[in-house]
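Residue numbers (this note's numbering), protein chains in the order written: chain D, 1 to 361; chain Z, 362 to 649.
No lab work stands behind these hints, which were simulated from the structure alone. Possibly wrong hints are sitting among the right ones.
Computed beta-carbon distance windows for the label pairs [what the hints assert, rightly or not]:
hint	chain 1	residue 1	chain 2	residue 2	range
1	Z	P372	D	F173	56 to 66 Å
2	D	T325	Z	K366	51 to 61 Å
3	D	Y13	Z	L374	29 to 39 Å
4	Z	D491	D	T70	48 to 58 Å
C-beta: ideal position from N, C-alpha, C; glycine also.
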Amino acid sequence: MARIELRDVAHSYNGGKDYALKPLNMVWEDGRTYALLGPSGCGKTTMLNIISGLLKPSEGRLLFDGVDVTDSKAEGRNIAQVFQFPVIYSTMTVAQNLAFPLVCRGYPVNEIKQRVDSVAELLGLSELMQYPARRLTADQKQLVSMGRGLVREDVSAILLDEPLTVIDPQMKFELRRKLKQINREFGITMVFVTHDQTEAMTFAEEVVVMKDGEIMQRGAPQDLFERPGNTFVGYFIGSPPMNFLSAEVAEGKLSCPNTKFSVPADNLGGKGEIQIGFRPEFVELVDPEKANFATARIEKVDNLGVETIVTLTLPGNLTVRAKTTTRFHQDAGDVVGLSVSDDRIQLYSNGQRIGQANEMA
Amino acid sequence: MYRDKYFFLLPGLVVLIAIIIFPLLFTIRVSFSSWDVFQPGLDYIGGRNFARVFEDTRFWESLLRLSVLSVSSVLLQYVIGFALALAVWREIRFRRFFRVLFLVPMMTTPVVMSVIWRTIFHESLGPANDILQAIGLGTVPWLSTGTAAFISVLIVEVWQWTPFMFLLLLAGLVSLPREPYLAAAIDGAGPIRTFLQVTFPLMAPITIGAIIIRLIEASKIMETVYVMTSGGPGTATETSSYYIYIRGLRDFQIGYSAALSLTYLVIMIISLTIIAKVLARMLLPREG
Numbered sequence: 001m002a003r004i005e006l007r008d009v010a011h012s013y014n015g016g017k018d019y020a021l022k023p024l025n026m027v028w029e030d031g032r033t034y035a036l037l038g039p040s041g042c043g044k045t046t047m048l049n050i051i052s053g054l055l056k057p058s059e060g061r062l063l064f065d066g067v068d069v070t071d072s073k074a075e076g077r078n079i080a081q082v083f084q085f086p087v088i089y090s091t092m093t094v095a096q097n098l099a100f101p102l103v104c105r106g107y108p109v110n111e112i113k114q115r116v117d118s119v120a121e122l123l124g125l126s127e128l129m130q131y132p133a134r135r136l137t138a139d140q141k142q143l144v145s146m147g148r149g150l151v152r153e154d155v156s157a158i159l160l161d162e163p164l165t166v167i168d169p170q171m172k173f174e175l176r177r178k179l180k181q182i183n184r185e186f187g188i189t190m191v192f193v194t195h196d197q198t199e200a201m202t203f204a205e206e207v208v209v210m211k212d213g214e215i216m217q218r219g220a221p222q223d224l225f226e227r228p229g230n231t232f233v234g235y236f237i238g239s240p241p242m243n244f245l246s247a248e249v250a251e252g253k254l255s256c257p258n259t260k261f262s263v264p265a266d267n268l269g270g271k272g273e274i275q276i277g278f279r280p281e282f283v284e285l286v287d288p289e290k291a292n293f294a295t296a297r298i299e300k301v302d303n304l305g306v307e308t309i310v311t312l313t314l315p316g317n318l319t320v321r322a323k324t325t326t327r328f329h330q331d332a333g334d335v336v337g338l339s340v341s342d343d344r345i346q347l348y349s350n351g352q353r354i355g356q357a358n359e360m361a
Numbered sequence: 362m363y364r365d366k367y368f369f370l371l372p373g374l375v376v377l378i379a380i381i382i383f384p385l386l387f388t389i390r391v392s393f394s395s396w397d398v399f400q401p402g403l404d405y406i407g408g409r410n411f412a413r414v415f416e417d418t419r420f421w422e423s424l425l426r427l428s429v430l431s432v433s434s435v436l437l438q439y440v441i442g443f444a445l446a447l448a449v450w451r452e453i454r455f456r457r458f459f460r461v462l463f464l465v466p467m468m469t470t471p472v473v474m475s476v477i478w479r480t481i482f483h484e485s486l487g488p489a490n491d492i493l494q495a496i497g498l499g500t501v502p503w504l505s506t507g508t509a510a511f512i513s514v515l516i517v518e519v520w521q522w523t524p525f526m527f528l529l530l531l532a533g534l535v536s537l538p539r540e541p542y543l544a545a546a547i548d549g550a551g552p553i554r555t556f557l558q559v560t561f562p563l564m565a566p567i568t569i570g571a572i573i574i575r576l577i578e579a580s581k582i583m584e585t586v587y588v589m590t591s592g593g594p595g596t597a598t599e600t601s602s603y604y605i606y607i608r609g610l611r612d613f614q615i616g617y618s619a620a621l622s623l624t625y626l627v628i629m630i631i632s633l634t635i636i637a638k639v640l641a642r643m644l645l646p647r648e649g
């Protein structure tokens, strides 16, 4: 177990022409669960491989509990890493697979047996110990991959690189639960790379959103959802993405054309292009007369079972999406009113969050 | 309208019949005749040629010699080829140069190379003995004693065909997934463990393919024997194909050599099938 610190770490695969990971400082606190979230090619896997020692960063230092480990190899770091595709040693049984990291490190036989048994118990693999590993199903194989990480009791952190991609949806839930349980029981730091936002939001205590080798925002899932730090996070987190409308400042007021939105804004002059953003989840569909935000025509109604996504067209051809869990009876072409509470409206200037509508007064 | 398809298949069928089906059927017919240099013609003598094959110890000896030669040369080729492929698999300096260099023997004509090797192994003029003498090991009668001649042929075979093995195995190595290696590094496996537990199992299907292809090819060995030793001294390096060649094209016992060829064909099909099955059982994980 360790506190992992990245100090001015950057990485380039082609000698400094492009950076896969731009210089950054970051601390992974001991015993917490993190999710690294971002589109493909944003540097998530690069960051993970740097931490595990499979990749040496072209710049910066890496510290485990304050000790510089930048130059030590993967096997010296006590990191466990689970990959997107389950890796098993196909010639061995499940028990031999689980024992492999300990055998490589020359542990005594009875200690190996004891640790392997306890890890197998934890992961529910006890029944399959003498089974050839190649005959397991994909999710069992992935459990074995994880088990090989857990079997070393001194493991500093478990890095999971999209480990649930090949797993069936029902099993995904089960495995996530198991991972959280392991985290609680042993206090092992876990970093979970994914591009599935629900996975990130449900698994991690803290989510790190990355884009183009940079960290866009870091925070609790709730924060990322309710107060995205920039428009990218707003788009990337949440489905459907956050609604953004451009706003203008005039006569000490910030208002949004074609809507009733207007808040006092004395200090917003000259802040560049201003946008307001609000989550589809926070849009209430009401009678046109009672609406505090705007009236709109329904463009499309997508019923997703539990929830309904309504695509609306505002005057001036602006599109807004609303997500509602209540039963929805109106159809495309109907006119409805939109209400959004001021404390749910975020303000952005040049893509960066500058505040919340109710704080402007 | 579906009958049109035969029209399009015709060119292929004609070629197939002309180069495979007809010669095979004709060989079968000839093997039941006494066609030789004195009495050319397709008479019918029943199974007498085949009866003679079973009593022909020289043929069975050549077959045994061939099996020893092909199995040992293919195994050597596999080991050396795998070692070379592993050596140039990862990033090393001049990798491209080495890869091309290793392929040179395969691209040369076997007859020409056999002539050169015969010169190298020449007892009084060849450089092989000069070098052995210079380092104080004395001379070796490369081509004039049975065992030495057999080993000479083996050396040339290995030299000529290791590159092919190298090429197949390198192609296999390059296509292996990366994750198992990363996992092995994290699990703390050293290079030997990584090879035994990761590389070798992953390479098993390619290994089987490469060995079978090479065994089939190695069984047809002809040029090397013909040029270097002509099967000699005595019959010490005479392989099946070379013996069949002697019977058929030097003695002109066409009927008898046809019977030899068919016997050889049947034995090869059976033994290679068994070898392929055994290799698969040994190396491939059984599913289910």
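Hint by hint, here is what the structure shows:
1. Z:P372 x D:F173: 56 to 66 Å: At roughly 59 Å between Cβ atoms, F173 (chain D) and P372 (chain Z) fall inside 56 to 66 Å, so the hint holds.
2. D:T325 x Z:K366: 51 to 61 Å: With a Cβ separation near 60 Å, T325 (chain D) and K366 (chain Z) satisfy 51 to 61 Å, so the hint holds.
3. D:Y13 x Z:L374: 29 to 39 Å: violated, 54 Å
4. Z:D491 x D:T70: 48 to 58 Å: holds, 56 Å
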